[in-house]
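Engineer: Chains as they are written, first to last, in the numbering used here: chain A, 162 to 454; chain B, 7 to 478; chain C, 9 to 284.
By construction, these hints were calculated from the structure, which means they are not laboratory data.
Bear in mind the structure is a predicted one, so any value in this text is a computation, not a measurement.
It is possible that part of the hints are untrue.
Taking lysine-lysine pairs in the DSS-like style, the calculated list, with each CA pair at most 30 Å apart, reads [what the hints assert, rightly or not]:
1. B:439 x A:208
2. B:283 x B:439
3. A:258 x A:344
4. B:307 x B:333
5. B:180 x B:439
6. C:139 x A:208
7. C:65 x B:322
8. B:94 x C:65
9. B:94 x B:83
10. B:375 x B:180
11. B:346 x B:265
12. B:265 x A:208
13. B:423 x B:216
14. B:147 x A:208
15. B:322 x C:57
16. C:58 x B:83
17. C:15 x A:370
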Amino acid sequence: MKTTLRNPYVYLLFVLPTIALYFLFFIYPMLTSVYYGFTNWNGLDTKDFVGFDNFVNAFKDADFRNSIVNNLYILLFSCCVQVPLIVVFSLLISSVKRFQGFYKTTVFMPSILSTSVIGILWGYIYDPDVGLINSILQAFGLEPIYFLADMKWALVSILITNAWQWMGFYIVLILAAILAIPKDIDEAAMIDGATGVQRAWYLTVPLIKPIINVVIMLSIAGALRVVDIVLVMTGGGPAGATDVMASYMVNKAIKYGDYGYGTALSIIIFAFALVLTALYQILIVRRQEKVEY
Amino acid sequence: MEKKLVSVLAVSVAMTAFLAACGNGNDNEGSSASPSASESPSASPSASAPASESASPEKVENFTVSLRHIQIGDAQKFRKAILDDVVKQTEADVPGLKIELDGIEDNVNRFTKLPAEMAAGNPPKIFDVFGGAGDTQKYAKAGRMLDLTPILDELGLKDKFLNGVLDPFSVDGKVYGLPIGGNTEGIFYNTDLFAKYNLNPPTTWDDLIKAADTLKQKGVTPFAVGSKGAWVPNMLVNTFIGRIAGENTNAGFITGASKWNSPDVVAAYQLFADWEKKGYFTKGELGKEYGDMLNDFVAGKAGMMFDGSWRSSAFKNDAVGAAIAGKVAFVSLPAIPNGKGDQTSVNANYGEGYGFSADLNDNELKAVKAFIKNMYSDEMQLRGLLEDGVLPSMQLSDESIAKVTDPIVKQVLDVLKNAGTTFPHFDSVVQSKVYTETETQLQKLIANKATPQQVGDAIQKVQDAENAAAAK
Amino acid sequence: MTATVRKSIPHMVMIAYIVVILAPFLFILFSSFKANNTEIATHPFGLPKKWVFENYKEAWVKAKINVYFFNSLYLALSSAVVGVLLAAATSFAITRMRFNRISSWVYQFVLIGMLIPGNVLFIAQYLLVQKLGILDTHWSLFLPYTAGALPFSVLLIAAFMRSIPHELEEAAVVDGMSVFRMFFQIVLPLTVPALVTVFIVNFLGNWNEYLLSFFFISKDALRTLPSGMVQFRDAFQTNYALVCTGIVFSVLPVLVMYTFLQRKIIEGLTAGSVKG
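I would like the entire structure built from these sequences, with the hints used as guidance.
Structural biologist: Pasting the structure below:
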């Protein structure tokens, strides 16, 4: 026991590759980001130390504030609309015997497709001239909606596409938890005369709370991570209506050549992630049972 | 269990090995290159050419040179054919050379991909680039682009270019890029639709407005436009500014001689906003691409579009716009009442061309020279004019120009001939940050999120900062 | 409300949801066979009047979807496999080997990565791969993909390994088993559910990745499906039928694979992540 599991060379061999790779692609970029965040580096020749200017400017920047708000919309939509729907659909699928496998397989399907392919696909669904939705609207004699061009609709359109892609993934996770609940509990409740809805709400949901928490955590992380779909579908437009923090950061760095400012924004995004995670842990998880993966 | 594990390990090792192979030597994947080229060691940019190159001319070393172009999609097929021929010729001229083409959409290349590559210091060896402070001059100052002056001298090309067209590509008298051709931005209109509604050609302001109002009334979009990339509506803004604030305005932003928030420039934005309000432009334009604009115009959904003269080749019989071939005419924007300056002046750009990486070895330099020699020749300039409707950036004889038969190209040439003077597009004048801000602000104007005055103020703020930085 | 009606409500709701999932696919599929934009616009739902197969030939020639597809597949696979193995080795070391103080530091250190949204590091990573001289090679994607999955993988696999009773390896040590054999023959097989889950999550993440692949790769032959498809769309934007064909090409193989593997994927995904 002593020698075998205390061999420091083996330990290093097992740990070092991970640590090295992790350090190189996480910690080192984080440190360089902090460094660049305090400069006005333009990607080419200028690189002066500018103190906290970038951070001060970021919060004066109305367009960046707008992108923060958009991120918050996505977050709220994920947690307050998507998660309840996910739970309801999971309960529905778990309640049926026939076609259960078919439902599960089909709802999961979009999550195996590339986000950018989905972005392209839905771009055509939303197209004002030839798109599926507008063709339906026109069949009912309604005016076409310019989904991705209209300030009011663009973000909603992206949210729907994002939900379309990822809801199935979470449904499958929650469904597995529901199906893992011992059957006798449910049967006992059934004998007591509880209706399906009652059993779902009073029995199943409390039992799957840990996994719901996990899904909420993943949704929060996912909301901050949304960027591919925005870049593919709208590029942040029209006029910033769908810009999220990450897409705004990419645009500022690459298109404007403001690498210093861009990295400062990335640090702010990191800070947001920290704060949200901490808040969620403190406010929700700590008060319930400890969630273990 | 052990067996399973070993096989998993084997697979992953194989994967890694394969990855390594792909990382190093797949320059020729997906192209019908000569198979021998795949042993090329020059995949990495730092591969050094043998110093004794000249001593042993028999030794042919295979190498590849990357070339970034923007001639993708059906609308660009004429220009792509010219490029392909130049590439073929260059490969024949330089033994061992294989040119690796990488086609990317214009806007993506100019505003996303190339800037990122320039920052990382690894642009393609040959690339499509624009002139001006925001592009070539910025990269040249940062030492990223090859000084072409000695090559131009060697090939005797310098005096072949038209007067002044090399200026946007020059820094301190040294030339860093070569314009491929020129264009002017003006109005394409559908002569069938104009005849159908008894409209006069839009050569005077009153006729233009009457045409727009009539088309609008008849349920036809007056102007097709695709504003998802704001460079498209920016073309019209640029000419509005030239007409209303005078032809010298655009060139003056960078010196401080003119200001974005001056009353005249704001008036130009106001005119644009008025046209928006009157519904002169395609509905949902902020979601439309540049290609959609042509589509709508070709489909007869719109009576006019404001576009660059390079689009003329789309209306040939074998092109994407064949449906309305022979039914399209081109005019410059008519004089605007009370506009300042010369109202016969038109926009003229020699903004787009090729630049070359400063990081070249001897072999690559040879390839670049051969490419320049083949691309910037009388033959290719004439082909560009005849086949693609792109105005030459080099001097062509009158006989050559007389060969033009395409009616739209003839109209374009007339427009330029009748112009009192020309003015540039501000995208080849101002710094990249300023230009990007004009796009951001114009989209806000279109979305009714900003007033013309706010637009002007916001752009001028960036312009001031950039001018101050440049003066340092 | 009779029992049958009540029983059919879940099915009705689910069928509506299924229609929403499938309709876009059908629309794209039908559009890909249509002659031109006008036909798509006038008959959006119906089958094509005349089945046009030229689009398929054209799309195949114009976009190297097979190349993109293959690049994506092997990058996603290889970095997911390597990531899982690295994470498993590390998890083994920090949960089973007797270096508790260091292990707890290592664990905390790696978990910090969970808090960093991937795209935050994009600019700095771009400069990093450029400095490493691997820009425009598949290494520039393989390494960040592998590294990016590590925090989550270590978290999940370590949690799983902790639940394995210690008696097992005590017996193994008494038998004189080496630490490598213990890892490969005892602990890894017991951890398979977690490994599969991590593998699937990582694979999907890599398969989807667009931002890095767009900026780090400039050679057409090296592009992955996400960035390659976006460029194809940009080039042929207004040729709806052609782009729809491209989508079909890129989606079909995935769906075929999925129909064969769906059971394994879904079970694998849930086996390691949900415990009771």
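Engineer: Are the hints correct? Go through all of them and say.
Structural biologist: So, going through the hints one by one against the coordinates:
1. B:439 x A:208: 16 Å, holds
2. B:283 x B:439: 28 Å, holds
3. A:258 x A:344: Roughly 14 Å between the alpha carbons, so the hint for residue 258 (chain A) and residue 344 (chain A) holds.
4. B:307 x B:333: Holds: residue 307 (chain B) and residue 333 (chain B) sit about 14 Å apart, inside 30 Å.
5. B:180 x B:439: It holds: about 24 Å lies between the C-alpha atoms, which stays within 30 Å.
6. C:139 x A:208: Since the Cα atoms of residue 139 (chain C) and residue 208 (chain A) sit roughly 17 Å apart, the hinted pair holds (cutoff 30 Å).
7. C:65 x B:322: Holds, at roughly 25 Å.
8. B:94 x C:65: It holds: about 25 Å lies between the C-alpha atoms, which stays within 30 Å.
9. B:94 x B:83: 16 Å, holds
10. B:375 x B:180: It holds: about 16 Å lies between the C-alpha atoms, which stays within 30 Å.
11. B:346 x B:265: 15 Å, holds
12. B:265 x A:208: 28 Å, holds
13. B:423 x B:216: 27 Å, holds
14. B:147 x A:208: 14 Å, holds
15. B:322 x C:57: Holds. Residue 322 (chain B) to residue 57 (chain C) sits at ~29 Å (cutoff 30 Å).
16. C:58 x B:83: 27 Å, holds
17. C:15 x A:370: 26 Å, holds
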